[in-house]
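Those protein sequence lines, which keep their order, are chains A and B.
So in this note's numbering, the last spot in the first sequence is 119, and the numbers never skip.
So in this note's numbering, the last spot in the second sequence is 1642, and the numbers never skip.
Simulated from the structure, these hints should not be mistaken for laboratory data.
Values in this document were obtained by computation on a predicted structure and should not be read as measured data.
What the simulated footprint calls covered on chain B by chain A, stretch by stretch (three residues with Cβ under 8 Å from a Cβ of chain A suffice, anywhere in the stretch; the number is not a length):
| id | stretch |
| --- | --- |
| 1 | 1527-1539 |
| 2 | 1574-1586 |
| 3 | 1609-1623 |
Stretch by stretch, here's where chain B covers chain A in the computed footprint (C-beta under 8 Å, at least three residues):
| id | stretch |
| --- | --- |
| 4 | 35-45 |
| 5 | 95-105 |
Heads up, the beta-carbon is just placed ideally off N, CA and C, and yes, glycines get one too.
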Amino acid sequence: MSAGLVSVLFVAAGLVAVGAFISAWKKDLTAALAGLPLMFAGAGVAFAGASRFATPGGPPAFGQEVAALVAVAALALVALAVGIAGRGTSR
Amino acid sequence: MDSLHAIGFYVSAAISLGGGLLVAFLPGRGARGFALAATGIGIAGLYVSLSAGFSGLVALVCFAGCGLLLAAPAYRVMDVAVAGVWRQLGAIAAAGLLALLCYAAWRGDFVHATFFGGAINSASVGRLFFTRDSLATEAVGALILVALVGATAAWRLRDRGR
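Bound conformation, chain B alone (with noise of 0.2 Å):
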């Protein structure tokens, strides 16, 4: 990787690792929305780095998505009826994956090779999509057709409640 994309990866991911932590401390659900929508502008800068702008694209659109569905108006609350304490042995078990991860991360053996692929890929990536992983494609088909489904059920029985 060249200075130019090494750079452009250092401060993507600064911009996706802040924009996460703002999610978490920000208190309006609009001001979470947007820090989620910053945080995937990071991670498609990550993936453009990497060489990978098809997934960017995609990754973009579904940041954008996923902060637009939290900062809706439709947003309801839903309080967790767990203790303080599990959330706080929660929280500190994420501090410990971190750790793991980046142990693992440090003391792995990697192969190194020469990459091949272009900057965005996007006809390889669906020849990929519809030959070799058709079926995972068709899965993650299927999850979004049950998350519509399953939502749009969800919002009527609400309205019907009323």
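So that you can see chain A by itself, here it is in the shape it has in the complex (with noise of 0.2 Å):
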């Protein structure tokens, strides 16, 4: 059993995808929130895939950097959006 550069672009574009399906399904905006982090999973995966699979003579590290810095930057899109809808209704 082996795992290549496709079967990662595979799994990442079935997190961008299952992420989208998340913020279209949810009728209620702060539920739907929760599709976002798995977007930007899946990039990151993407990106962690293509550096260490598809590199000749770049960083190896870059993809995990990368993956680390989208993974930051939804926390804190999670927390601002979280904040935002505070003023709504209690459920």
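Bring the two chains, given one by one in their own frames, into a single complex with the hints.
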């Protein structure tokens, strides 16, 4: 059993699509925010996979760095959006 | 990638995608937050099997934070004033995006190379953060600052409105 760049990109595509699906499916805007970190994680997995498999001359840690940055950015955006949504009604 | 890493990769992919679907379909906010944290475990496993352990740690912490934020008692509902037809179109567009990305991955002609990095490699990542890509790091730092200030301002406005 092995996994290559195509498998990684398939999983990354799945994560982006599931994130987009959550954002489109949820009626409540705050619940739809949960799709955001998944879409960002899909991009991060694609970067990490490309860095792992397909960069002959580039820095090997570049994809890892971008993946960490997008994860932190997703957390910041969710915090901001939950704060803004805090003026709604509790359920 | 050897068999052990490949098995870890596929198991982590199943956990992350399954967790994402649970986030979409579970009814309560607590259950959704828990499912999001479980998704984070799967994504961290994906990173570890791709020899990106440092990113895995960061993703684990960030997903746990997102899960806590979305499951916390401060959670408030904001209903979208968009017709159901548009939301269904959005869901169909998500399926179309998946098909397009899968086709691109399948038809892509990629270069194969030898990997020289380590399992965690946090020193190399730190060097990139503070030298070559310091501008991007500062941009994300500024985003976090704006997000925290914005969230604090929003919460204060809510308390003042009561």
